[in-house]
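Chains as they are written, first to last, in UniProt numbering: chain A, 1 to 309; chain B, 1 to 309; chain C, 1 to 309; chain D, 1 to 309.
Just so you know, the hints here were simulated from the structure itself, not pulled from any lab data. Any given hint could be a false lead.
Since copy identity is lost for identical chains, a pair holds within one copy or between any two.
As the list claims (entries may be wrong) - Straight-line distance between alpha carbons at most 25 Å, and here's what the computed BS3-like set of lysine-lysine pairs gives:
id	residue 1	residue 2
1	K177	K281
2	K281	K270
3	K125	K270
4	K125	K177
5	K71	K125
Number of protein chains: 4
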Amino acid sequence: MTRLNEDARGVYVIALTPFTENGALDLESTDRMVDFYLDRGATGLTVLGMMGEAQKLTTEESQTYVRRILKRVNDRVPVVAGVSAPGFAQMKALTDMVVSDGAAGVMIAPPSSLRNDQQIVTYYKQAADQIGDVPFVLQDFPLATSVTIPVPVIQAIIDQIPTCVCLKHEDWPGLAKITALRTMAAQSGGRRISILCGNGGMFLPEEMARGADGAMTGFAYPEMMRDVVRLCNAADLERAQDLFDAYLPLARYEQQPGLGLAIRKYIMAKRGAIASPALRKPGGELSRDDIAEIERLIARQARRLAELA
Amino acid sequence: MTRLNEDARGVYVIALTPFTENGALDLESTDRMVDFYLDRGATGLTVLGMMGEAQKLTTEESQTYVRRILKRVNDRVPVVAGVSAPGFAQMKALTDMVVSDGAAGVMIAPPSSLRNDQQIVTYYKQAADQIGDVPFVLQDFPLATSVTIPVPVIQAIIDQIPTCVCLKHEDWPGLAKITALRTMAAQSGGRRISILCGNGGMFLPEEMARGADGAMTGFAYPEMMRDVVRLCNAADLERAQDLFDAYLPLARYEQQPGLGLAIRKYIMAKRGAIASPALRKPGGELSRDDIAEIERLIARQARRLAELA
Amino acid sequence: MTRLNEDARGVYVIALTPFTENGALDLESTDRMVDFYLDRGATGLTVLGMMGEAQKLTTEESQTYVRRILKRVNDRVPVVAGVSAPGFAQMKALTDMVVSDGAAGVMIAPPSSLRNDQQIVTYYKQAADQIGDVPFVLQDFPLATSVTIPVPVIQAIIDQIPTCVCLKHEDWPGLAKITALRTMAAQSGGRRISILCGNGGMFLPEEMARGADGAMTGFAYPEMMRDVVRLCNAADLERAQDLFDAYLPLARYEQQPGLGLAIRKYIMAKRGAIASPALRKPGGELSRDDIAEIERLIARQARRLAELA
Amino acid sequence: MTRLNEDARGVYVIALTPFTENGALDLESTDRMVDFYLDRGATGLTVLGMMGEAQKLTTEESQTYVRRILKRVNDRVPVVAGVSAPGFAQMKALTDMVVSDGAAGVMIAPPSSLRNDQQIVTYYKQAADQIGDVPFVLQDFPLATSVTIPVPVIQAIIDQIPTCVCLKHEDWPGLAKITALRTMAAQSGGRRISILCGNGGMFLPEEMARGADGAMTGFAYPEMMRDVVRLCNAADLERAQDLFDAYLPLARYEQQPGLGLAIRKYIMAKRGAIASPALRKPGGELSRDDIAEIERLIARQARRLAELA
């Protein structure tokens with residue numbers, strides 16, 4: 001099967017974990033969700049991500065879920081699996097499992113105990129040693145990990161670890177980081193890895209203009225990200241931004257810490273991508289006021305898109 | 001002079017601290033900035049705020065700056081001064097200074113050492129004892145203070161400390177908190193204090209709909225906040241949101257951690273409100289890419305506002 | 001088999017996870033370590049603890065390790081297993097596994113996302129619902145979890161959740177907390193749960209005098225904790241402290257963050273309790289200077305104990 | 001007057017801020033405290049430290065206090081003043097004030113916003129530019145600042161900033177850091193700066209053996225630090241440790257977070273160094289149990305010292 005590489009681009013959607021109302025894994029919705037993402041332009045999927053509910057799965061459920069995703073995707077696009085873990089033994093076990101099941105690569109976030117440049121480089125070298133020749137995504141998400149990875153450290157990881165093929169860029173928003181990495185690679189002639197951006201897509205036009213290759217995030221309207229990436233690649237930044245602006249009020253609302261995932265699941269259920277918006281406990285719960293605001297923003301978004309069409 | 005009270009509403013702009021290119025206090029720009037804010041609908045000003053550069057002033061400069069602000073405002077609107085400090089002696093000294101110079105009230109953020117409900121209530125009781133009958137704003141900004149203040153604690157402070165007249169609401173975005181506080185006050189018949197919202201105005205329409213009285217933040221276009229508050233008060237939520245949406249792409253850009261203040265000063269200088277966008281060190285610096293993006297977003301915003309007019 | 005209950009007392013040793021030099025689980029050393037602990041007065045064992053290397057085990061290894069421990073203990077003392085997890089599904093799965101294998105109870109630390117009193121109580125209620133009638137230890141360790149649990153919250157958990165039978169007290173050192181809990185229980189006539197103290201035993205005499213029932217920590221000389229607990233229970237506080245003081249220089253050295261576990265394993269290997277002091281990566285590594293200091297402190301400790309004998 | 005330089009050694013006591021029972025600055029106790037420290041071997045004093053109550057002073061009180069200290073010291077030993085501040089303007093103003101009053105140098109801790117190696121070096125360069133030729137102490141105290149400064153960064157600061165003459169070492173306990181810095185300086189032929197250690201003296205014998213020049217901390221028995229430093233310098237490590245061990249039970253007790261300063265003031269008042277143990281609010285308060293434990297430890301310490309004499 002495909003291996004993830006430096007050419008990853010487009011929209012890698014961070015997949016939800018669908019549950020039934022009573023909290024069981026919902027595998028039929030998993031299939032439907034895969035189709036939903038691929039129909040709306042996903043060029044890859046990312047599962048078992050840090051902020052999702054994959055953390056709430058047992059090991060057996062994780063395997064069941066990932067296998068179901070991989071089966072449904074059926075090699076149409078690469079699937080990346082998060083394998084961050086407190087120890088290398090679990091990281092290796094999880095990597096072996098998902099890769100043997102067909103994943104194209106894995107994603108590794110730094111443990112929050114890392115406190116300086118050298119420690120970060122060493123950690124990634126040790127991790128890469130453990131997982132062998134499996135390509136990995138470096139997840140740079142300081143708000144969640146408390147680890148800040150400066151540009152020279154990312155560059156050192158790129159230079160020293162050939163299996164690091166992609167940066168999930170989520171240093172809010174860290175536009176300067178993209179520029180610096182692209183400039184460095186151009187000047188040094190070093191390897192140019194893929195940069196896919198997070199933050200719910202809230203800075204996607206600027207990120208693309210700075211040299212990103214696409215998005216890796218879970219906004220409930222993947223078609224926005226698909227179209228913004230396409231228009232930016234076609235150098236039509238104004239139309240990209242017009243489209244982006246139409247989605248921004250809802251993207252902003254979905255990006256709320258604590259409640260964001262419940263909002264995303266509500267929209268995905270409303271759009272028919274999953275059967276139930278249920279989260280496993282502990283998880284945010286929407287009030288009637290929240291739902292009224294979401295519905296209002298969805299209606300306004302539809303009107304604005306119609307005006308633009 | 002006026003004392004701040006529970007009826008505070010509208011737009012309390014968090015004022016910048018203007019500097020000259022070589023880093024000196026720019027008092028002429030301070031006057032101009034005051035006029036700029038008041039001409040665009042500010043119903044109050046807040047100075048010496050936590051995130052601003054007031055922290056970079058010496059005690060003497062702080063006094064000079066606050067006096068200049070107060071003289072220029074000349075009692076047209078209330079001025080609130082941040083007096084958060086590691087100890088109560090400084091808090092009291094600073095409060096005495098600004099109040100004797102004419103401030104209408106003070107703002108107090110919790111020290112990051114507070115770790116549970118009871119400690120927070122006790123801290124505010126002790127602080128209120130120190131500053132006597134001066135009305136104060138409770139600043140609830142977990143992202144900056146690391147202190148989460150749950151609704152029952154805010155309610156206890158309101159119930160037990162009559163000089164707490166206003167909540168600066170900045171629990172990102174914490175819409176449920178506004179709803180809960182308004183419901184509690186309605187049900188218990190307790191005192192209804194003013195709620196003014198932060199977060200760069202990024203959730204202002206929803207905050208108003210939930211029961212907020214206005215904004216207390218520093219977005220470089222106070223007229224947006226003025227008009228959104230006015231339209232929400234007139235129950236014209238759709239037009240409020242239309243206007244809000246036009247400003248949102250730039251508001252989002254200005255809200256970037258680390259760089260936000262430099263962006264705000266750039267825009268304020270461009271609009272003629274201050275002479276120089278200079279920050280005192282240490283402070284963020286804009287790249288050519290950043291400036292190009294800001295200019296593009298300003299131009300787009302102007303076009304969108306023209307379409308709406 | 002025995003269920004953990006409110007009468008837990010003495011020394012619950014936090015067990016190491018022994019590895020061979022090449023990083024594999026060392027099951028023979030696991031047996032030897034169990035004997036070592038029980039021969040030196042352990043009245044219980046705690047496995048899969050938060051700070052140990054159990055985090056570095058795969059799920060399969062965890063099960064193998066716990067089963068080996070339980071088999072060797074063979075019901076001589078109760079065994080508690082840490083089951084803290086990001087989601088309740090894993091917590092339940094892990095609890096079911098260890099309890100069906102013979103564990104007497106489980107230990108649950110609060111997730112670092114909890115931010116106020118009510119959230120903590122709710123979390124423990126939900127957790128207790130998940131694990132059914134299995135008795136659990138509430139782990140209060142702010143330095144590691146970033147969650148501060150005030151006394152009224154602990155009391156509320158005791159009052160509302162009958163399966164909470166023990167507090168692992170590790171709020172550095174939080175002597176006042178022990179006093180407050182004991183006073184509250186005496187005054188209200190509420191349930192008196194077991195309090196076992198952590199912090200490497202560094203405050204054991206004072207903790208016992210305040211009303212603790214013993215220790216739950218991993219100091220490499222369990223006999224110190226056994227004797228201090230015994231002497232304190234016999235109201236011979238001076239002899240308890242004499243003994244304690246003899247071990248204190250080394251206890252202090254072993255309590256170093258980052259390096260502490262490597263020091264503890266070094267001593268345990270030297271004492272013959274385990275075959276190798278090896279840690280799994282990532283883990284602290286001792287320098288020659290460190291080892292020389294440990295050896296010196298061990299020699300001094302032996303001399304001082306001889307003087308006291 | 002004397003300027004602090006790379007030869008600083010011995011015991012720089014972190015001075016208390018004495019208050020009267022009603023919270024006013026107690027200047028007579030300030031004199032008495034200076035004499036107390038100098039009589040017991042202080043080779044320097046440090047005032048306005050980060051963790052002390054100097055933070056609770058107004059600017060005027062700070063100046064009054066520092067002047068009183070300097071007058072009483074009367075050039076007998078160097079006095080270092082903490083000048084850490086949110087902005088460089090205050091840092092410069094405070095530095096100018098204390099140096100013109102006679103301070104020998106200043107101490108600068110990194111602001112908690114610094115997040116990587118380069119930012120730390122840049123910050124210290126900018127700070128050094130601001131304060132001109134005034135020698136400064138680099139305060140490395142991660143537990144309080146949340147900033148971890150790796151050895152190569154300290155070395156870069158030493159290499160690039162000649163006015164950095166001393167490291168206040170408080171990376172709990174970071175013995176390896178001392179060894180690494182001394183090895184680096186020896187190998188590179190670079191400048192050897194003074195290293196004075198904190199952590200309440202809890203690792204002083206080991207720190208001296210690793211190459212430290214003394215202590216900079218506030219333990220209420222400066223004579224312990226004086227004698228341990230002297231004996232270590234005389235290569236009599238066993239007697240140094242014997243003495244150290246006698247004080248360790250109380251040093252451990254005094255080192256409790258939250259309560260430590262109240263304990264230290266209690267002992268200092270009992271020893272006659274200050275008139276009242278009062279802390280300014282907010283501050284820890286001792287219970288009867290706390291006081292009984294302190295008295296017991298003091299009595300035991302006296303007996304143990306008599307045995308050793």
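Which holds for K281 with K270 at a C-alpha limit of 25 Å: within a copy, between copies, both or neither?
-> within (21 Å within a copy, 46 Å between copies)
Copy assignment of K177 with K281, given that the CA separation must stay at most 25 Å = between (36 Å within a copy, 21 Å between copies)
Pop the pair K125 and K270 into one bin, within, between, both or neither, using alpha-carbon distances up to 25 Å.
-> neither (43 Å within a copy, 31 Å between copies)
Can you tell me if K71 and K125 fall within 25 Å by alpha carbon in one copy, between copies, both or neither?
-> Classified as neither; 31 Å inside a copy, 38 Å across copies.
How would you classify K125 and K177 at a CA-CA limit of 25 Å: within, between, both, or neither?
-> Result: close both inside a copy and across copies, 22 Å intra and 23 Å inter.
Hint check: violations occur at hints 3 and 5; the rest are consistent with the structure.
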